[in-house]
Amino acid sequence: MTMGTIRMARPLGRIRAYARFMGAAFAFNLKATLEYRVNFVLQFFGMLLNNAAFAAFWMVLIERTGAVGGYGFSDVMLVWAFVSTSFGLAHIVFGNVRHLGRIVMEGGLDVYLLQPKDVWVNVLSSRTIVSAWGDFAYGFIVLALTSGTDLQRFALFAALAVPGALIFAATFAAAESLAFFMGNSSAVSSALTEFMLSFSLYPEGIYGPGMRWALYSIVPSGFVAFMPLRVFKSLDWGLVPVLCLVAAVYVGLSYGLFRLGLGRYESGNRMDARV
Amino acid sequence: MRSGSLRTYSIAASTSMRERLAYPGNFAGSMFTYALFVFIFSRVWAGAYAGATEIAGYTMRMAVWYFIIAEIPSFGFGRFFWTLSRDMKSGQVAYLLARPYDFVSYNYAEKLGGSLAEAGVILAEGIAVGLLLVGLPPAAAPGAAGLASALSEAGRLGFLVVSLLLAGTLNYFLQAALAMTAFWPEENEAFFWIFQKLTLVVGTLIPIEFLPRWAARLAVWTPFPYLSYAPARIAVAFSLPEALSLVARQSLWIFAAVFLARAVFSFGSRRLSVNGG
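If you read the sequences in order, they're chains A and R.
Residues in the first sequence are numbered consecutively from 1, following this note's numbering.
Residues in the second sequence are numbered consecutively from 276, following this note's numbering.
Next comes chain A alone, as it looks inside the complex (with noise of 0.2 Å):
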């Protein structure tokens, strides 16, 4: 073996290490999830009708009003699959996101400092949201509502939900993160989180052109909500590549921003056992 190809199979090994470690953790995660299978069942149907109520508003008002924003009502219903979806996926896989601050600030990322995988990887897929199932499932059958039963179509919107899960967890990770430099820093956070989730659920078109820039920038909502629905619309895979790449830029952002945090974080001295 020379060392061009060693120096290529080292990152291919480790990409593919971390996919056994994220799977494991999921599948874990899972388990510990239906466990408690009424609890699953009751968040799993609370999240729909969550979704629902928002649903019947909208077929409401647009019979009332025609199209609010551009968007008619399978716009906004396509708009709320892809960031139901896209939100579900990310605290599926990445349970821990919006916890991170906390476990920042008291100190209790000892435990993940002391083993092998990244501690970013690692300390945000050690939980599993279980509410999200809910989310997760509701873009589908939104999809299927609007859109029937095309394979086709299924394949794009699950290729765009995976960007849009990576935007979430890498805005609300970076948020998160905020807590090594601010120490208490739920009030940030907590309000960038509820600026992208609220920013997404309604047509794009109601926002001016003065509030667009930050829609594509500082809260991603562009990227997890609009454009995949122009992209999904348009039937053009072609884009995919595009939102995979700017998903990676957020995420490298995120993680950047977290490494350089974890210069300054201080152990709490706790004693904490992952079971």
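No lab work stands behind these hints: they were computed from the structure.
Cβ coordinates follow ideal geometry from the N, Cα and C atoms, glycine included.
Careful: at least some of the hints might be erroneous.
[Unchecked claim] No farther apart than 20 Å at their CA atoms in a straight line, the calculated lysine to any residue pairs in the SDA-like style are these:
#1 Lys364/R / Leu42/A
#2 Lys472/R / Tyr36/A
#3 Lys472/R / Leu42/A
#4 Lys472/R / Leu48/A
#5 Lys364/R / Lys472/R
#6 Lys233/A / Thr149/A
#7 Lys364/R / Ala55/A
#8 Lys472/R / Phe54/A
#9 Lys364/R / Tyr36/A
#10 Lys472/R / Ala53/A
#11 Lys472/R / Lys233/A
#12 Lys364/R / Asn39/A
#13 Lys472/R / Arg37/A
#14 Lys472/R / Val41/A
#15 Lys472/R / Met59/A
#16 Lys472/R / Ile141/A
#17 Lys364/R / Val242/A
#18 Lys472/R / Thr149/A
[As the list claims (entries may be wrong)] Only some residues are given here: those of chain A computed to face chain R with a beta carbon under 8 Å:
#19 Gly46
#20 Leu49
#21 Leu61
#22 Ala214
Go by the hints and put chain R onto chain A.
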């Protein structure tokens, strides 16, 4: 059934209110989310009214002010279920039952007292945000001037405050009835979610006049419009006969909700078994 004096319940309410006001920072999260919702909905209504001046009898200014007022009960009185459920599930209920007061009334005074502080803060914020976004709410008596106008405005404000208090009370007793179902199945959140979403669709996010005619006719026979529609309607389309009718219907539903909460408590508390000390 034990019954404490009115003084007991007033002290419980004022203590709870002072406790909430002692930590004003705790209001920040609700205030932020409320302002964000109002802003986004003002944009939604701007989009909806792009080609129309009036929809279902509401102008855009009325629709925005409607949302501002209709969201106050959600933010101020929307969490009774969780605190009561927590008491049920943690066993705190056993400690409270042994006290020399009526469990349902004491909890009403304590929980409503605390939430009034938050509702007051949200109302003040809503008025400020509304003025910034769309200016003054529509006049209570368009065309009237001088004393007649001032009396109408004072009447509207009075009815609005009464209607908000009744909305808080109705919210409490309905949520208490739902929370006390924890005497039977412990996982009772699903009941609350259904209640919460029906409240949201029937009169909070959108006035009931926007609903299809059959749905609006059905809605007025349920308690949901009296949780948020009633105060919001009084705020944006005040007329004395309608305000009286809305407040009367809120009161009737409160009687029904008190009866329901007491019945659930009466049957449920028999199932409680207390072990240890």
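Hints, one by one, checked against the model:
no.: 1; hint: Lys364/R / Leu42/A; result: 17 Å, holds
no.: 2; hint: Lys472/R / Tyr36/A; result: 24 Å, violated
no.: 3; hint: Lys472/R / Leu42/A; result: 15 Å, holds
no.: 4; hint: Lys472/R / Leu48/A; result: 11 Å, holds
no.: 5; hint: Lys364/R / Lys472/R; result: 23 Å, violated
no.: 6; hint: Lys233/A / Thr149/A; result: 15 Å, holds
no.: 7; hint: Lys364/R / Ala55/A; result: 33 Å, violated
no.: 8; hint: Lys472/R / Phe54/A; result: 9 Å, holds
no.: 9; hint: Lys364/R / Tyr36/A; result: 16 Å, holds
no.: 10; hint: Lys472/R / Ala53/A; result: 6 Å, holds
no.: 11; hint: Lys472/R / Lys233/A; result: 30 Å, violated
no.: 12; hint: Lys364/R / Asn39/A; result: 15 Å, holds
no.: 13; hint: Lys472/R / Arg37/A; result: 23 Å, violated
no.: 14; hint: Lys472/R / Val41/A; result: 18 Å, holds
no.: 15; hint: Lys472/R / Met59/A; result: 15 Å, holds
no.: 16; hint: Lys472/R / Ile141/A; result: 19 Å, holds
no.: 17; hint: Lys364/R / Val242/A; result: 50 Å, violated
no.: 18; hint: Lys472/R / Thr149/A; result: 28 Å, violated
no.: 19; hint: Gly46; result: 5 Å, holds
no.: 20; hint: Leu49; result: 6 Å, holds
no.: 21; hint: Leu61; result: 6 Å, holds
no.: 22; hint: Ala214; result: 13 Å, violated
In terms of the numbered hints stated before, the structure departs from hints 2, 5, 7, 11, 13, 17, 18 and 22, listed from lowest to highest.
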